[in-house]
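Asks: Using the sequences and the hints given, assemble the complete structure.
Note that the sequence shown covers residues 306 to 571 in the numbering used here.
Incorrect hints may appear among the rest.
What the hints assert, rightly or not - Restricting the straight-line Cα-Cα distance to at most 20 Å, the calculated cross-link-like pairs of lysine to aspartate or glutamate (EDC-like) are:
1) K496 <-> D467
2) K496 <-> D465
3) K496 <-> D432
4) K311 <-> D490
5) K496 <-> E474
6) K311 <-> D465
7) K497 <-> D522
8) K311 <-> E474
9) K311 <-> D432
10) K311 <-> E487
11) K497 <-> E474
12) K311 <-> E429
13) K311 <-> D467
14) K497 <-> D467
15) K497 <-> D465
Hints were generated in silico from the structure; no laboratory data involved.
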Amino acid sequence: FGPFRKLRSLNHFLESLGLLRFRGGKGGESHFSRFASPILRAVGVRRDPVKRVMGSLGVDGWLERIAPPFSSEIGLFDWSRTRAFSISRTGIHLNIRGLEPSGQVNPGPDARALGDEIIQALLELRDPHTGCPVIRNVCWRDHLYDGPRLADLPHLLVTDWDPGYTIAEFEQVRDRNGIFSETGDRNGSPKKEGFFLMSGPGFPKGANLSEPISIFDIAPTILRNFNEEHPVDLDGQPFLGERVFQESAQECLSESGSTGEGEVPG
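Replies: Next comes the structure, spelled out in structure tokens:
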């Protein structure tokens, strides 16, 4: 963890580009939605299930009319004037025609061009007081992941940023103004870098890899230690080979009651 200076809002950023409009004024929604949404969300009502049910009944056009009280994130936005929005901490959805009840963006090249425009604008975003960039990397979802549930992810994902500028939860637009805001009672934020500690039979003492490891490599490494096969669809590779594990295990067994442990930078 480390200190952070400001919160930044993806939705206010999209609003500054003219791609998002809030319902009932800036960051607002109806009083009914404000009080009804928490109750309905507490019993498990969410935007995507409502959309699926309405679509299966062939009456998805009604979603815009009934949406605000059913989910706080739906009630935030004026969908007829919104082309992109965020309902997760680091993701941005495009309001695609044919996929969303009030879609405003044509699928295909138009959507791709809009996404690229947002990516470029995010990478150019700077703290107005220091002039320093705050976003380091933004990716299309299909550049990061694949699989049958890919369409459930936001179209764009912020994958790296200056930890001094934590991304605010999307609901916080009600109480904050502008892209950047004060941190409130929080003063720390997780950093991307860390370390990985291994301890016990099968792990070499004092191992220190010269290259950083990826989080994708942790699961294959654990499987290797348990002599399990590496699934073909699992990303990543063991960062310590089978020979190292075997030799280390023999060493540990020969040292009665002792265990090996090592720290690997990640």
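Asks: With reference to the structure, classify each hint as holding or not holding.
Replies: Hints and how they fare:
A hinted pair counts as satisfied when its Cα atoms are at most 20 Å apart, and K496 with D467 qualifies at roughly 9 Å. Restraint check for K496 and D465: satisfied, since their Cα atoms lie roughly 10 Å apart, inside the 20 Å limit. For the hint pairing K496 with D432, the CA-to-CA distance comes to about 19 Å; that is within 20 Å, so the pair holds. With a C-alpha separation of about 11 Å, the suggested pair K311 and D490 falls inside the 20 Å cut-off, and the hint holds.
Proximity of K496 to E474 is assessed by CA-CA distance (about 17 Å); at most 20 Å being required, the pair is judged to hold. Restraint check: the Cα-Cα separation between K311 and D465 comes to about 16 Å, which is no more than 20 Å; the hinted pair holds. Taking the CA atoms of K497 and D522, the gap is near 16 Å; set against the 20 Å cutoff, the hint holds. Note on K311 and E474: the hinted pairing holds, with a Cα-Cα distance of about 13 Å set against a maximum of 20 Å.
Under the criterion of a C-alpha separation no larger than 20 Å, the hint pairing K311 with D432 is consistent with the structure, at around 9 Å. Restraint check: the Cα-Cα separation between K311 and E487 comes to about 5 Å, which is no more than 20 Å; the hinted pair holds. About 18 Å separates the Cα atoms of K497 and E474, which keeps this hinted pair within 20 Å; it holds. Of the supplied pair hints, the one linking K311 and E429 holds, its CA atoms being roughly 17 Å apart against a limit of 20 Å.
Under the criterion of a C-alpha separation no larger than 20 Å, the hint pairing K311 with D467 is consistent with the structure, at around 11 Å. With a C-alpha separation of about 9 Å, the suggested pair K497 and D467 falls inside the 20 Å cut-off, and the hint holds. For the suggested pair K497 and D465, the alpha carbons sit about 8 Å apart, so the restraint of at most 20 Å is met.
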